[in-house]
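Trainee: In case you want the letters, here they are:
Number of protein chains: 2
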Amino acid sequence: MNLILTLRILGALLLFLGGSLFAPLPFSFYYSDGIWSVYVLSAVICFVVGGLLFSFCKSSKELTVREGFAVVTFGWTVFAVFGSLPYLISGAIPSPLDAIFETMSGFTTTGSTILTEIEALPKSLLFWRSLTHWLGGMGIIVLSLAILPMLGVGGMQLFKAEVPGPTADRLKPRIQDTAKMLWGVYFLLTMIETLLLMLGGMSFFDALCHSFATLATGGFSTKNGSIAAYDSSYIDGVITLFMILAGINFALHFQVLRGKGREFFRSEELRVYLGIILVATVIIMIFNWTGGVYFHFAENLRYSIFQVSSIMTTTGFGTTDFELWPVIAQYILLLLMFIGGCAGSTGGGMKVARILLLFKHAQVQVFRLVHPRAVRLVKLGNRPVDKEVLQAILGFFAVFIGIFVIGSMLVAASGMDLVSSASAVVACLANIGPGLGSVGPADNFAHVPVFGKSVLIVCMLMGRLELFTVLVLFFPSFWRK
Amino acid sequence: MNLILTLRILGALLLFLGGSLFAPLPFSFYYSDGIWSVYVLSAVICFVVGGLLFSFCKSSKELTVREGFAVVTFGWTVFAVFGSLPYLISGAIPSPLDAIFETMSGFTTTGSTILTEIEALPKSLLFWRSLTHWLGGMGIIVLSLAILPMLGVGGMQLFKAEVPGPTADRLKPRIQDTAKMLWGVYFLLTMIETLLLMLGGMSFFDALCHSFATLATGGFSTKNGSIAAYDSSYIDGVITLFMILAGINFALHFQVLRGKGREFFRSEELRVYLGIILVATVIIMIFNWTGGVYFHFAENLRYSIFQVSSIMTTTGFGTTDFELWPVIAQYILLLLMFIGGCAGSTGGGMKVARILLLFKHAQVQVFRLVHPRAVRLVKLGNRPVDKEVLQAILGFFAVFIGIFVIGSMLVAASGMDLVSSASAVVACLANIGPGLGSVGPADNFAHVPVFGKSVLIVCMLMGRLELFTVLVLFFPSFWRK
Chain A
384 MNLILTLRIL
394 GALLLFLGGS
404 LFAPLPFSFY
414 YSDGIWSVYV
424 LSAVICFVVG
434 GLLFSFCKSS
444 KELTVREGFA
454 VVTFGWTVFA
464 VFGSLPYLIS
474 GAIPSPLDAI
484 FETMSGFTTT
494 GSTILTEIEA
504 LPKSLLFWRS
514 LTHWLGGMGI
524 IVLSLAILPM
534 LGVGGMQLFK
544 AEVPGPTADR
554 LKPRIQDTAK
564 MLWGVYFLLT
574 MIETLLLMLG
584 GMSFFDALCH
594 SFATLATGGF
604 STKNGSIAAY
614 DSSYIDGVIT
624 LFMILAGINF
634 ALHFQVLRGK
644 GREFFRSEEL
654 RVYLGIILVA
664 TVIIMIFNWT
674 GGVYFHFAEN
684 LRYSIFQVSS
694 IMTTTGFGTT
704 DFELWPVIAQ
714 YILLLLMFIG
724 GCAGSTGGGM
734 KVARILLLFK
744 HAQVQVFRLV
754 HPRAVRLVKL
764 GNRPVDKEVL
774 QAILGFFAVF
784 IGIFVIGSML
794 VAASGMDLVS
804 SASAVVACLA
814 NIGPGLGSVG
824 PADNFAHVPV
834 FGKSVLIVCM
844 LMGRLELFTV
854 LVLFFPSFWR
864 K
Chain B
384 MNLILTLRIL
394 GALLLFLGGS
404 LFAPLPFSFY
414 YSDGIWSVYV
424 LSAVICFVVG
434 GLLFSFCKSS
444 KELTVREGFA
454 VVTFGWTVFA
464 VFGSLPYLIS
474 GAIPSPLDAI
484 FETMSGFTTT
494 GSTILTEIEA
504 LPKSLLFWRS
514 LTHWLGGMGI
524 IVLSLAILPM
534 LGVGGMQLFK
544 AEVPGPTADR
554 LKPRIQDTAK
564 MLWGVYFLLT
574 MIETLLLMLG
584 GMSFFDALCH
594 SFATLATGGF
604 STKNGSIAAY
614 DSSYIDGVIT
624 LFMILAGINF
634 ALHFQVLRGK
644 GREFFRSEEL
654 RVYLGIILVA
664 TVIIMIFNWT
674 GGVYFHFAEN
684 LRYSIFQVSS
694 IMTTTGFGTT
704 DFELWPVIAQ
714 YILLLLMFIG
724 GCAGSTGGGM
734 KVARILLLFK
744 HAQVQVFRLV
754 HPRAVRLVKL
764 GNRPVDKEVL
774 QAILGFFAVF
784 IGIFVIGSML
794 VAASGMDLVS
804 SASAVVACLA
814 NIGPGLGSVG
824 PADNFAHVPV
834 FGKSVLIVCM
844 LMGRLELFTV
854 LVLFFPSFWR
864 K
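Chains as they are written, first to last, in our numbering: chain A, 384 to 864; chain B, 384 to 864.
Hint data in this document are derived by calculation from the structure and do not stem from the laboratory.
Just to be clear, a hint being listed does not mean it is correct.
A pair holds if it fits inside one copy or across any two, identical chains being indistinguishable in the list.
The calculated BS3-like cross-link candidates involving lysine-lysine, where the alpha carbons are at most 27 angstroms apart (straight line), are [said to hold, decoys possible]:
hint	residue 1	residue 2
1	Lys743	Lys441
2	Lys563	Lys743
3	Lys762	Lys743
4	Lys743	Lys770
5	Lys441	Lys770
6	Lys441	Lys506
7	Lys606	Lys762
8	Lys543	Lys563
9	Lys643	Lys441
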């Protein structure tokens with residue numbers, strides 16, 4: 384591991400973070416919230432630290448896979464730490480742990496909050512909070528479609544974006560090309576949603592913040608009551624649509640823009656993803672109807688599909704307290720938390736494609752018992768899946784369950800009840816936001832004990848970086864030259 | 384699939400069941416409970432049905448793998464149905480579904496009960512209840528060490544008993560040889576425990592019944608309060624020891640009897656199994672101490688190690704209501720439910736060896752990211768594990784989690800709360816007995832709705848037969864000739 388080169392890149396990332404800290408300034412001036420100096424000071428700190436790292440750590444070596452791992456993990460960590468400066472300096476969140484929790488939740492597009500009174504925050508700070516989602520989402524798209532496939536993490540090789548241009552193995556140019564194209568789509572969708580939300584009566588500020596949170600499948604709202612605050616079926620509908628879009632592989636969106644619309648529905652993962660949303664919505668509607676929660680079909684559809692999309696895509700917006708729904712509906716939502724969005728989207732969780740391949744693997748195993756001599760391969764969209772990739776996915780599944788179990792145990796040890804601790808861990812590990820019990824959609828994470836919060840911060844980071852990216856750092860041989 | 388041959392073997396099994404229905408007669412006469420005719424009538428029904436099947440279904444063909452699957456699954460089902468006759472005919476359990484639940488729970492060595500007043504049952508019926516455990520345990524030992532490895536189910540090939548004698552591929556003689564040796568060990572351990580329990584003041588009847596339930600890792604007690612009814616640290620100790628012994632691969636016990644005691648502790652699975660019991664006990668003791676549940680070390684040790692062993696080996700005996708323990712202690716117990724005993728023991732769950740190999744697989748996956756060109760195999764006790772076997776184990780893990788999820792959803796749909804439905808499913812799927820919530824150690828399964836009970840019956844059967852044995856029957860091609 385080339386530590387010097389890693390530090391240099393982290394320095395560059397800090398300079399970028401410093402630059403983005405100027406973005407809330409217009410809102411600070413417009414709303415005259417008087418905390419413009421907070422952003423300037425935060426930016427200066429980032430520039431000084433980043434500048435020092437960038438100029439003193441010089442290395443002529445090329446970036447290799449090992450530095451790739453280190454940059455990704457430490458990059459997100461550095462962002463969470465330095466991105467928390469505006470909360471701390473303004474005094475809006477006095478505890479450093481809470482501020483880092485909120486920022487990590489932002490950059491990992493989780494959306495779990497420790498704030499009890501969201502609307503009490505200055506507008507520009509709410510903007511920064513939503514911006515951390517959007518920047519995090521940008522990072523995720525490139526991470527999952529360009530960086531992780533090259534690093535070979537958890538079977539992500541399957542989902543790499545088809546990148547035109549140089550095929551040389553040097554990481555930088557390929558990542559840059561991919562990034563530009565995908566960010567174009569991301570930017571475009573954000574703008575369209577902002578416009579549509581404004582047409583529904585949202586202010587430009589609220590529309591922009593909610594679009595940031597939707598496209599990043601984050602879930603931070605500028606309102607205490609989340610999307611329920613608007614009580615508009617139009618707004619619910621627009622956000623439902625864009626949550627579903629944000630949970631789709633961005634490489635597919637790019638194909639559509641290039642005029643290859645037919646490719647879109649050929650994706651097996653996409654079809655299964657939409658199928659799960661459909662089936663889950665129908666089942667939940669049936670139980671919400673028989674359970675007497677909603678009597679009108681339109682109302683039932685509106686709330687049920689919103690919640691299913693919000694949880695499945697790991698956004699975490701709320702229009703209702705689903706803990707008042709029948710247990711079976713809550714159970715289905717809990718299940719969707721584990722599945723998550725498509726690979727290559729901003730959604731978290733285990734990803735639809737992995738769950739799909741897991742099922743296919745299990746099916747092949749049973750098939751082989753009946754036909755011991757038959758050869759049957761696991762396929763995804765008519766193409767056989769490489770054995771190495773399949774093993775990586777099986778390993779990912781085992782590690783995900785393992786970390787969920789250990790995390791829940793640690794949070795339970797800090798004194799929370801069973802349902803709350805387990806659902807808090809999956810809500811953070813799958814980057815969703817709200818869980819069940821005392822961290823449910825009508826509650827927040829403020830009351831979680833210090834130790835529990837620390838565990839959840841690590842869960843958010845590990846979940847977002849597909850687990851393995853973080854785990855490799857614990858191998859002593861990783862650090863040797 | 385040769386249906387005629389399968390039916391013939393099921394007929395033979397029914398004749399055996401009919402014979403074993405005479406076993407409660409001495410107790411019926413001794414305690415003069417007046418229901419001796421119940422057993423005679425039940426036996427006659429078994430003899431008639433079994434005799435008809437055995438004599439009319441004639442087949443000269445050899446048993447193949449396919450009939451193996453069918454005989455195992457239908458054999459257990461037939462036992463659960465016909466074994467419920469004494470409950471039904473005596474009127475002790477009026478509902479057929481409840482009677483089948485209780486019998487399936489017995490033969491699968493689960494130990495979940497729908498009885499609210501256990502001591503109200505006639506003594507001879509309590510004996511029959513415990514005997515279903517013991518007979519089920521006999522079946523499991525042979526199943527896991529001789530039959531499943533030959534059928535190739537879920538990686539069980541790893542754990543087959545070394546069988547002396549003919550190496551031909553014909554199933555019957557090998558199974559018979561293996562069965563005789565292993566049953567010898569099983570019988571011996573049962574006798575020793577019965578003696579030791581009698582030395583602690585138990586009646587012969589109670590000692591025998593509890594030994595049946597211990598060696599089978601079943602959990603049915605003859606007392607309403609389970610083992611807590613005796614309130615004796617000696618009895619707790621004896622049962623703890625024998626639960627731990629029953630959770631060990633019986634092929635290892637056999638090695639010890641043959642004088643190969645050194646082999647015993649060489650087993651990596653055994654060492655991990657004992658290590659988990661030790662670590663879990665220590666952690667739970669610490670939390671029970673700091674949580675103020677127990678103040679005396681000896682008392683803390685006695686209750687903690689009993690409960691850890693009872694859950695880990697999937698026995699399900701109780702000496703205390705662990706729902707009054709700190710949440711983290713309950714969480715650890717919930718975790719142990721999934722792990723279960725060693726492969727080749729009467730314990731259920733996923734088995735220690737599978738969990739161990741899962742961890743090793745995950746470790747190799749992360750290692751390969753750091754060293755992409757290195758070759759590192761997954762090993763168990765210095766021997767590399769065949770890739771096919773590893774894939775079967777990964778498939779087993781995925782299916783186990785999948786069935787747990789679907790089962791919990793179905794039970795939740797019948798109207799139970801989240802913790803109760805999920806823990807009821809794992810308690811049945813891992814063949815433990817008690818769960819948490821409304822099916823906790825101080826409760827029973829009487830109140831579970833009809834649909835939920837039916838799901839749990841299927842879970843007990845699938846869990847006991849290592850899932851795949853049952854799943855193959857759902858492949859249409861399995862039934863073709």
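Trainee: Each hint: holds or not?
Mentor: Hints, one by one, checked against the model:
For the homomeric pair lysine 743 and lysine 441, neither the shortest alpha-carbon distance inside one copy (48 angstroms) nor that between copies (39 angstroms) is at most 27 angstroms. In this homomeric assembly, lysine 563 and lysine 743 never come within 27 angstroms of each other (Cα to Cα): the closest approach is 34 angstroms inside a single copy and 39 angstroms across copies. For the identical chains of this complex, lysine 762 and lysine 743 are neighbours both inside a copy (8 angstroms) and across copies (26 angstroms), given an alpha-carbon limit of 27 angstroms. For a Cα distance limit of 27 angstroms, the shortest separation of lysine 743 from lysine 770 qualifies both inside one copy, at 13 angstroms, and across copies, at 18 angstroms.
For a Cα distance limit of 27 angstroms, the shortest separation of lysine 441 from lysine 770 qualifies neither inside one copy, at 40 angstroms, nor across copies, at 45 angstroms. Within a single copy, lysine 441 and lysine 506 get their C-alpha atoms no closer than 40 angstroms, and across copies no closer than 84 angstroms, so neither meets the 27 angstroms cut-off. Taking the shortest alpha-carbon separations for lysine 606 and lysine 762, neither the intra-copy value of 45 angstroms nor the inter-copy value of 54 angstroms comes in at or below 27 angstroms. For the homomeric pair lysine 543 and lysine 563, the shortest alpha-carbon distance inside one copy (15 angstroms) is at most 27 angstroms, but the shortest distance between copies (56 angstroms) is not.
Neither within a single protomer nor between protomers do lysine 643 and lysine 441 lie at most 27 angstroms apart by alpha-carbon distance, with minima of 44 angstroms and 63 angstroms respectively.
Hint violations for this structure: numbers 1, 2, 5, 6, 7 and 9, all remaining hints satisfied.
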